[in-house]
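Student: Spelled out, the chains give:
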Amino acid sequence: MSRSTILVGENLKKNYNGLQVVKGVSLAMEAGEFVSLVGKSGCGKTTLLSILSGLERPTEGKVTLNGKESTGASEDELALFRRENVGFIFQSFNLIPTLCAWENVALPLFPVKMAKGQMRKRATELLEMMEMGRRLNHLPSALSGGEKQRVAIARALVNRPKVIFADEPTGNLDSGTGEAIMDILSRLNREENVAIMMVTHDPEVAKKAERVIRMHDGEVLS
Amino acid sequence: MDLRYLLKELYYQRRRTLASIFGLSIGIALLIILNALSMAYREAARSPLKEIGADITVQRAGDVPEELTGAVFPCSAVTIRKEEVDKVQAIAGVQGVGRGLLLWVFDPDRATIALGIETENPIGPAILRSSITEGRFLEDGKPEALVEVAFARQFGIRVGDTLPLAGRKFPVVGIVDASRAAKIAVANVYLPLREMQEVAVSSRQLQSVSPFDPEDVNLLFVKAEQERIRDVATSLREIMGKKGQVATPDSFLKLLGSLFALSEKFTMAASLIAILVAALVAFKTMAGNVAERAREIGVLKAVGWAHRNVVAQLMAESVTQSIVAGILGLLIALAAAMGLRFMQVSIPIPWEMSPTPHFLPGGGDQIFKTLQLPVYIPRSLAAFAMLLSIVIGGMTGGLLGRHISRIKPSEVLRHE
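In order, the protein sequences belong to chains A and B.
One point on numbering: in the numbering used here, the residue at position 68 of the first sequence is 68, and numbering is uninterrupted.
Heads up, the numbering used here is the position in the second sequence plus 1000, with the first residue counted as 1.
It is worth saying that the hints were derived from the structure and are not from the lab.
Built from N, CA and C at the ideal position, the CB exists for glycine as well.
With a straight-line cut-off of 20 Å between C-alpha atoms, the simulated SDA-like cross-links for lysine to any residue are:
(1) B/Lys1408 with A/Gln20
(2) B/Lys1408 with A/Phe81
(3) B/Lys1369 with B/Trp1351
(4) A/Lys13 with B/Ser1410
(5) A/Lys62 with B/Ser1410
(6) A/Lys23 with B/Ser1410
(7) B/Lys1408 with A/Ser74
(8) B/Lys1008 with A/Pro140
(9) B/Lys1408 with A/Ser92
(10) B/Lys1408 with A/Ala73
(11) A/Lys116 with B/Ala1312
(12) B/Lys1408 with A/Tyr16
(13) A/Lys162 with A/Glu77
(14) A/Lys113 with B/Ala1312
(15) B/Lys1008 with A/Leu143
(16) B/Lys1050 with B/Ser1131
(17) A/Lys162 with A/Phe81
(18) A/Lys116 with B/Leu1007
(19) B/Lys1087 with B/Met1240
(20) B/Lys1408 with A/Glu60
(21) A/Lys116 with B/Leu1003
Now the stretches of chain B that chain A is said to cover, found in silico as 3 or more residues with beta-carbon under 8 Å:
(22) 1007-1018
(23) 1291-1303
(24) 1306-1320
Restraint-style ranges between C-beta atoms, simulated for each label pair:
(25) B/Leu1007 with A/Val112: 14 to 22 Å
(26) A/Thr5 with B/Arg1308: 27 to 35 Å
(27) A/Glu219 with B/Gly1398: 38 to 46 Å
(28) B/Leu1007 with A/Lys121: 18 to 26 Å
Excised from the complex, chain B in its bound form (with noise of 0.2 Å):
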């Protein structure tokens, strides 16, 4: 192979060159940006989910009380029992468990959504510890509230007061902007989840419905390993049974509703048709330009220039080609990508797993939990996109080559 031969033809070439390197790097261009896009989805459904340091919810859809006096159960979230939180942490790929109890609890003066959370668990609601924005976190074994910072605004309540709750009184340590955390079992009070219990233990109506024992809870938070989210979900399904509501980001992708968030295949398909088209593309101006070039190779094989002399020399400068268009193809995929962080994206939070009566105000609206999309391109699938653009250099080369370089120099070099 001879680089200053390489060099010239492509520079004196330079309109089929560049014309193949576009052909390429848009390809190489969209095959990252597809790929890319579909993960920042990915990404995406996991927010809810991770904010409040989980990737997988569950829960148990239940009746709906008869009365709605006292403490009862939100429809969507019953009795979790503590023999099924215990096989919940036996799963395999399962690294943690949060539990919560979360309440409607209906005095006579007003409407409260409560929730029990596990103080110390950093899986779990608890990660509104740095939500606080008056006063202090709940401590552990303590009867006291945080109040979450709208609710305090609605009934004038101050850090200090006391809050009768389901009959009970707990002091106010601190107002929480719930707000500024997850989204997902979102509540006006927030108590430590031993307190919760003895509220649920002693509410006949709600054990009317579900029976509840002290160790029993409703919600659960579960932090697996990423790559064993999809196992460890399918057995949470099989402990839970028929009512069992298993929420994970795959769940959230589907309600994104974007084709990229819908289905891996889609992506793989589109990558495939975008590589494909950029690989006809490459291999059709290559094409041309070596069938153009016949005389020229029968020139070199005239003066001795052996069958391997010539592949690789054709080789050679389609590699050329292709790694200039995999960086820019590259270069295209960043700059896109860098604009496409702009896209904002609503993530709806099913009303299941953040419920509140409808009667009250705001009960039935959409929550939504709304994040820039966060495209990168991550360094393997750059490297991949780089790699097949070589390769795919390398093979429409090596296959022109091999075809052109079978000609016969007598046969294109017979004069006019």
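Isolated chain A, as found in the complex (with noise of 0.2 Å):
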């Protein structure tokens, strides 16, 4: 079955005083893809992901993602873009210590006009996908390291995202929690059929991927 192209970055540029980190790549992403940019460390592959997903505006270059150009949005634009297009999930999981974890999987609706029941159903189901029913009023600071991660896997689907956007989501856990939060993600890639672009330097996370992208001084090389 023919996929249709959700991303498309072309010939993106970033310069960082006078230093160029992404130097004219272009690439496209179909939706319901899992995708993996594999590189070194310094590559360019986190800036990259940050420009793809509307985190960062290119130097030069366009992204495409759902149809909508992002380039040349505003700050505010870009912050409801991501909200009502992309999902995140952080290395380090990034969740705010002083919320619950029902309340951290919900944080990006907070701005939307919705009940609060709504809300909370909807950040409950998604833990209970994640196996973390019996989990949700506990803080940050009470869950191993995996569980926050799941809680960041979950805040990331709670918008329906069209993609998800994973910076080295195992490179802060232990390789057994790793390779559970990589079969979460390719179940939801295979079952929710939501496109994942994952950054990741370890060769064997790279693997799950359907198609990996390899990134050598800001260049894409296949």
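Dock chain one against chain two, each of which comes alone in its own frame, and use the hints as you go.
Tutor: Below you can see the structure in the form of structure tokens.
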């Protein structure tokens, strides 16, 4: 079955103080595709992920996600764009320490006009999907690394994104927990048909993706 | 703005929350209490005049009589002409005028301080009506006398006796305890004004120092609109000329010698410093809090919070803290005000306002009006302080929120 293109990056460049970190990268991603972006530390993969997800603007080039070009948008338009189209999973989880698990999951919905009951219901469903139903009211400080990452994955899914961007999602986890997290991401990709772009420097983790994009010195090799 | 997030943030970061609440509340409490103290001193300064039913007293200094025989003017209070009294009554802002005539009467057997009063005028010494301990108060048009209790005790004077004074005789109709009432224009004997004026007119000694007509007086008690007291005092000084002595609540305020009493500017400056320090403490604590939350703000923005959402959340947090700080500051100020109410102030009454011959017992003693400091917090001051606290919280939250929400999520979320 042919899949539509969900994400396109064209001739993307990024300079920091005269240093070119991303050097004219062009790539495309299909809906429901699982892509891993690999390369050595400092090769520009996190910067490329930030540009593609709308966290950062390219110095040159164009990003189109779900048919909408994000590169010319204002900060607030970008925030809205991210809320409607994108989910994030970070290496260090980035949960809000004062909010419990379900509130962290519902965090992207706080600015949305939605009843608190509905927010909680949606967050609870996702946490149950992550086998975290018993940890709904626990603060991040009471959760293990793997549990925190499950909460982060649930948060990435709460707004029904088209693409999830994961930056070293297993980087802070032991191998067993990392394996379990990768299984969850694979399942989500398969069962929920969510496209996933994952940055990793671990070849074993990268193998879980359908396609591997290699970067070196700001350029895509394959 | 999400209330649950707000409350949890304040609760779980309670050390920081309490620091900013306490910092701001101390400033708010200082602002309230400094102003309440200033108002209390002002109120206290009004009391010597207030208890005599007036806001201003007017006298004119004159010469010391060559001979102390018969009825004479005290050197601090000589003739105020009827025309001058009429002019005083016509000053804009004057609500009423009480007249009095204070004389020293040197009879062969004793010296008496005698005050002629308007028996039916509530402005002035007729306020003694409530301090009668025996007999009755003076009746208008009758040549009769009231005697001060200490003087009566000293000379064995009783109600029903006849009091000789300046060659005339007055039946004593009552004994009055003047120490319960005003400290201004205190006398040994009180007569109806008309009787006292006749005594003055017929005194050659008095007329030689300062000519006196039957309608003249030497003391005026002026009731004025509160907000126009200073203007009225200026007009009075113009009417009374160089030797005029015009006493207002401000005159007593200067005598109190407290920094709060001396200057409204001091109170304002001290309040301003208190609130600036409080605002800086609040700003610094909240700024530290916000700076530490840069990563959290980055997460909020990454997951789709717009600039205004972040600013609104931070502003709501700081406004909530400032409301609590305002209430706490108000409670601290109320407790302090209750404590300060036990403080006593002694207001010195200038000799000129209650002149007593120095050679008489107690004649040179300083008279004080002693009262408990009337410290209270008016609703308007409490409301202003609360509002100020909220404005400080709002501005702090708004400024910090605007600053921190410009953060780029990609900059703070890069993994280690």
